[in-house]
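Turn these sequences into a full structure, and let the hints steer you where they fit.
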Amino acid sequence: MENIFRHTAADIKAGVVVFLVALPLCLGIALASGVPPMSGIIAGIIGGVVVGAVSGSRIGVSGPAAGLIAIILSTTEGFRNGTIPEGMDPVMYALRMLFLAVVIAGVIQLILGFLKGGFVAYYFPNVVIKGMLAAIGLILIKKEITHGFGFDADTLGDYDNVNEQYTFFEELKIMFTTEGAISPVILGLTLISLFILIVWERDFIKKSILGTLPGAIVVVVLGIVFTYLTQGTSWEIIPTHRVDVAVEGRSFQDLIVLPYFAGITNTGVWIAAFTIAIVASIETLLCVEATDKIDPEKHATPPNRELMAQGIGNIVAGVIGGLPITQVIVRSSANIEASGKTKMAAVYHGVFLVICVFTIPFILNLIPFASLSAILFVVGYKLAKPSLFKQMFARGWTEFIPFMVTIVGILATDLLKGIALGLVVSVLFILYDNFKLSHYLEKKEVDGEEKYVVLLSEHMTFLNKASLNATFDSIPREAKVVIDKRRVVHMAEDIKDIIREFHQRAKIENIEISYVNKGRNTKNLSANGS
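Counting from 1, one number per residue, gives the positions in the sequence shown under UniProt numbering.
The hints are simulated quantities; they were obtained by calculation from the structure and are not laboratory data. There may be inaccurate statements among the hints.
Listed below are the simulated DSS-like cross-link pairs for lysine-lysine, each with C-alpha atoms no more than 30 Å apart in a straight line [stated by the list, open to error]:
id	residue 1	residue 2
1	451	518
2	390	417
3	206	390
4	444	507
5	206	382
6	382	142
7	293	116
8	451	485
9	341	382
10	385	444
11	206	142
12	116	298
13	207	465
14	417	451
15	390	443
16	417	116
17	417	142
18	207	341
19	496	443
20	496	465
Below, the structure written as structure tokens:
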């Protein structure tokens, strides 16, 4: 315990900075996910206090993540449109089923951690992960465009990418053709907020004293001040266009939404739980890898312990109505930049969230959606930067096509199906490369004689039968052939059969075959096999 608390002053300072970064993100992600703002705050609190306390990460910070927004939207949409218990409100039922899925996802993560399943994430192709994040960025941008105009038709998340009440383009048409749908005041506030966020990324701000204050909190404070000063005027931002934390005069029991445990036999809740567990675990492990690299002290975070910590956090968050939790790079990097020394910085940021929500909720209720929309728009842009598409294109078709298939798949269907499509295409490219690069044929001089050298690769499987057979067919009669097996680690029986068939042909066509094995021994076989 002494080690944890010896940097208390530095950790409290870092905790304040991370809190300022986390507060608008917790609210914004809840807004984009179509759940009550309190669910985002709860996730931030649990991510800080619970996960921060049991995690093995020195500087990692956990909380609600933008990467899970699409899953949450599709999950709640599915439950709202499904069979609803008699007498239960569809929106409340969907929320309670979502929180049940979060609890189950936490249990799955705990099991993965105990089984040392942290290595699983490293088997997901990087192009698919990048495609997933880019698609999430595009979804965020798409959803926040209308909010930025003051048209909050989907504030409660009543559509996702597939089963929409109306499509994105239909929504734009309604917004631009309906009188009074666009609010010039909100549009102006959104544009000013975007301008501030963009300017705040410039070096001249970062290097000044203003750089110590996150751009997101500047935008939120601006929104609060604007809302307060314009109350009762024609420029007023009415409550339906603002955050509603709604904690004043309510007990803690009234604030939380309990999971609907009676729905545990519902197949949909298990699908949602496994999806959340897998994606949250991958995001966490990728974040762990990234934060460990930028940690000045190069502390190595145990991945399996982190999975268990996230599992505990998600169980607690789900039980009291919080969004699913992952370790997140924005808050973790803010912790590093603020010179956080131990995991207590993450805990302190969670404590500050608790203090904020229960002491100044009336201030949080002045935050306009426009401010959060601007923040989420920038978050979405950072996830789907044009430079990312350019970078992936420069890597070649084998990287770019799976990347784009993942994005289009997610946008056209949902997150899980899109990732599955990306994985399938990635595997197909791997199989194609394996097929194409299984061996090389080269005609060159060996020991003073012109020979055909067939160099076999490490893994020769049934997938290589056709190409190897075509190579042998291209070798002319009476040729001298060297089959180089020095690289071979595994050779399937199908390949051995192809080589045996080539031997039979060699006897007929007077082809001399020799081998180079790992010990560099050469075995000569004449045309008659002697």
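Evaluation of the provided hints:
no.: 1; hint: 451 <-> 518; result: holds, 20 Å
no.: 2; hint: 390 <-> 417; result: holds, 25 Å
no.: 3; hint: 206 <-> 390; result: holds, 27 Å
no.: 4; hint: 444 <-> 507; result: holds, 23 Å
no.: 5; hint: 206 <-> 382; result: holds, 17 Å
no.: 6; hint: 382 <-> 142; result: holds, 14 Å
no.: 7; hint: 293 <-> 116; result: holds, 22 Å
no.: 8; hint: 451 <-> 485; result: holds, 16 Å
no.: 9; hint: 341 <-> 382; result: holds, 27 Å
no.: 10; hint: 385 <-> 444; result: violated, 49 Å
no.: 11; hint: 206 <-> 142; result: holds, 29 Å
no.: 12; hint: 116 <-> 298; result: holds, 22 Å
no.: 13; hint: 207 <-> 465; result: violated, 61 Å
no.: 14; hint: 417 <-> 451; result: violated, 50 Å
no.: 15; hint: 390 <-> 443; result: violated, 39 Å
no.: 16; hint: 417 <-> 116; result: holds, 26 Å
no.: 17; hint: 417 <-> 142; result: holds, 20 Å
no.: 18; hint: 207 <-> 341; result: holds, 22 Å
no.: 19; hint: 496 <-> 443; result: holds, 23 Å
no.: 20; hint: 496 <-> 465; result: holds, 10 Å
Hint compliance for this structure: hints 10, 13, 14, 15 are broken, all remaining hints hold.
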